[in-house]
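Residue numbers (the working numbering), protein chains in the order written: chain A, 1 to 332; chain B, 1001 to 1257.
The hints are simulated quantities; they were obtained by calculation from the structure and are not laboratory data. The structure presented is a predicted model; accordingly, all values stated were derived computationally and were not measured. Treat the hints loosely; a few may be bogus.
Said to hold, decoys possible - Just so you have them, the derived chain A footprint on chain B, three or more residues with Cβ under 8 angstroms: (1) 1080 to 1093; (2) 1116 to 1126.
What the hints assert, rightly or not - Some chain A residues flagged as far from chain B (calculated, every beta-carbon gap over 10 angstroms): (3) Asn78; (4) Gly80; (5) Ala83; (6) Gly110; (7) Leu134; (8) Ser149; (9) Gly152; (10) Thr242; (11) Tyr279; (12) Val281; (13) Ile287; (14) Val295; (15) Val310; (16) Ser316.
The C-beta atom is built at its ideal place from N, Cα and C for all residues, glycine as well.
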Amino acid sequence: MFRQDRVRSTLALALLVAGAVYAYSASYFGKELLAEIAVFAILAMSLDFLAGFAGLVTLGHAAFYGAGAYVYAVLTVNHGVAAGFAMLAAAAVCAIAGWLIGAVTYRVRGIFLIMATLAFGQMSYVYIFENRALGGDDGMSGVPRLDLSAIGIDLSNSANFAFTLVLIAGLTYVLFAWLLSSGFGQALVGMQRNEQRMRALGLPVLRYKAAAFAIAGAIAGMAGTLGAQHNMFVSPDYLHWTTSGLVLVLVILGGLESLAGPALGAAVVIALKHEISTYTVHWAFFIGVFLIVAVLAGGRGLYGLIDGVVRRFSRSKSPEPHDGDDRRQGDA
Amino acid sequence: MATIGGKVMLEARGLSKHFGALAVTNGVSLSLAAGERHAIIGPNGAGKTTLFNLLSGELAPDVGSVIIDGTDVGRLPPDARARFGMSRSFQKNNLFAGLSVRENLGLAAMVGLGLSRCFWRSPMQDAEVVRRIEVTAGWVNLEGLLEADTGDLSYGARRQLEVGLALAERPKVLLLDEPTSGMSPEETVAMLDMLKELPGNLTMLIIEHDMDLVYGIAERITVLNYGEVVYEGTPEEVRASGEVRQIYLGDWADRDA
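Looking at chain B on its own, in the form it has when it is part of the complex:
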């Protein structure tokens, strides 16, 4: 598994999920060291989304466990996992409609700081919330659009805010579900540049089906096919692997090999 130094921040042990007779996730194990950038790739139907949902808590595994920073959260719902430091973005934008960028980030920061339990003052004026809104907006390149309504943002900016909401919580582990889905090539490049610039201590797991996208970010890549881990290695190793080429390109891989 991961050999990069430091403690293990996110670990999956033998995760399996069956829908009827179909094993959608079959004995998947993963390990991410603190600060590691890890990508999970695989063709359509490889079970990436199911694995993502098992990690984030939308689905409960049949067997296996998910461990965040030493705590087994495999049986906990998504909100409890978030409180243990796991944050996620959604493949389809999932923002607070009708509110400004500032209010969107403010809600996320407020929940992350536990201020939703506060009955006596407004969190939007809280110094730490305000600071987090501004820092996070800087990370996702939305400093100039803080007062804009989410409905008036471009698609690319909304995708940036989608990641920003997950970041405003200051997670230990960030799960990104196809962060560039639906983006134009220019927007994709901007998103990748943005992700590369995020603080180095953030542990990040990206799920993607496009191999080329993750080469620039990931330190390690896990290749999934038919619900199982078929390969794990550095981007160079994955790129050189005949097995991975076979999965992605089928017989085409043999023609120019």
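This is chain A alone, in the form it adopts within the complex:
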């Protein structure tokens, strides 16, 4: 069950502060990297909400990311809609799409849900790829950024832009932490632990799964609008299943069902990817090795590692047991 404990809060706050400091101290390239990390941290948290907490593991999360990016690009570039309104519209479209996917797949579980969402994802990829009106495989360029000059912030400045994205990632964390502490969030965790029991207790499972998909979809769509603004360009690659796979890797490496872990996973993997790719094009190989080690080392990812160290440290200092994160277990 989700608890806003000390380890989680400290990690989230540390990431937020590190991001904010880095936004104004890094080189130009570092700022670009930070913006990318923030976008993927938002995506990874939204997938952890869906896969880790609600137990709906999917391989189609990039479809929401891409759909959000394209809705934003089409509205701003082709129709001249204001950026802020286009962002809200993109999130709304993704929420509706998420609701529908959740409702349609509510009986499907485990590997079959992964396959079903993979199919949805690839269908939307092919649709965009083949659609000339959306630029086909060339994508669309000239995507504008949000105009915050009214409150004196220039987002064409890469430090300001990176800082804003880090702040939005922080807000995303707060939003999910708040949702997961609520009755709604606890019901999702209960459903992940024992769906049959929750049904027997009176929970209408379809509505809760659809709502979880809608919320995760809306936030992933929001990440898409931010990704589009960061790159100032959208392409079908946003929706490709390898993007979904990367997000799932971030979540598993960071630590499923930990919320702060996936954000850390995004920072570590994307930074490593750029570091390693200066030496070799086979960066994915090293990330793969890293992932295998993380899974073999208990399956709780980087967050589990940190939590374990803190627990051992606090136990040696005080006899009081530390109230840590729950482990996943088989049925009782």
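Knowing the structure of chain A, use the given hints to seat chain B on it.
Positioned in the frame of chain A, the structure of chain B alone reads:
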């Protein structure tokens, strides 16, 4: 049918279910007055589990209806029936693994109170949820184990929690599917004592295959065989019935008769 006073809380009318050519449940009717303790017994293969699933909503009947407190829920899924006041336990423990007893009962109480629709506050601190957790834990004798992980509980304690989850919803009708299955004789006695101590206004239907277990609890007993009701009466009547002895003991019943 039931003649004990008060309104009818649970009723089944002409429930039938066929799997292919096999009639697993055949025209079963039942009626439980508010507060009645009713048991359904029958030998293995009598159709007890199918009847239970028809009542709880896991299966839809071919014909017939299920009525909870005046509402026909015969076509509704299990979660909707639960919202009309029907709660069930499972024959095989079906708990929230990896969570504490408190969290298990809290989830059940929270769903029962409709707090799963609440987006703005944590239900585990809700005064009514906390109260329900404590009262329910008292009913199922788990007051001292509230902070224990379900994985660390004994089998007997897990069975108690299984019933506790169904009770934390404060149901009008409680369906118990073989509550003592897999228990040792001592644990069985403890479970029966616990069930006897539950609030008197709770309407309870217990499905069991062991006749002796239900004599101490049930006010009325329905005997099922080959999917049909073959006898209904008080425990004394059932105990005295030659027909029931015949079903349970076959020719053995005639030897000492």
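For each hint, the structure was consulted:
For a cut-off of 8 angstroms, the count of residues in the segment 1080 to 1093 of chain B with a CB near a CB of chain A stands at 7, and the three-residue condition holds. Counting residues of the segment 1116 to 1126 of chain B whose CB lies closer than 8 angstroms to any CB of chain A gives 9, so the stated coverage by that chain holds, three being the minimum. Non-interface call for asparagine 78/A relative to chain B: holds, since the shortest CB-CB distance, roughly 35 angstroms, exceeds 10 angstroms. With a cut of 10 angstroms on Cβ distances, glycine 80/A stays outside the contact zone with chain B, its closest approach being about 35 angstroms.
Under the 10 angstroms C-beta cut-off, the non-interface status given to alanine 83/A relative to chain B holds; the minimum distance is some 28 angstroms. At roughly 16 angstroms, the least C-beta separation between glycine 110/A and chain B is larger than 10 angstroms, which holds for a residue marked as non-interface. Interface exclusion of leucine 134/A from chain B stands, the closest Cβ pair being 35 angstroms apart, more than 10 angstroms. Every beta carbon of chain B lies more than 10 angstroms from that of serine 149/A, the smallest distance being close to 34 angstroms; the non-interface claim holds.
The claim that glycine 152/A is not at the interface with chain B holds, since no C-beta of that chain comes within 10 angstroms of its own (minimum 33 angstroms). With a cut of 10 angstroms on Cβ distances, threonine 242/A stays outside the contact zone with chain B, its closest approach being about 32 angstroms. Consistency note on tyrosine 279/A: stated as away from chain B, and its beta-carbon is indeed over 10 angstroms from all of that chain's, at 42 angstroms minimum. Every C-beta of chain B lies more than 10 angstroms from that of valine 281/A, the closest at about 42 angstroms, which supports listing it as non-interface.
The Cβ of isoleucine 287/A sits about 29 angstroms from the closest Cβ of chain B, beyond the 10 angstroms cut-off, so the non-interface label holds. Once the 10 angstroms rule is applied to beta carbons, valine 295/A is consistent with being away from chain B; the minimum gap is 19 angstroms. Distance to chain B confirms valine 310/A as a non-interface residue, since its nearest Cβ pair spans about 20 angstroms, more than 10 angstroms. For serine 316/A, the requirement that its beta carbon stay farther than 10 angstroms from each beta carbon of chain B is met, with the minimum near 23 angstroms.
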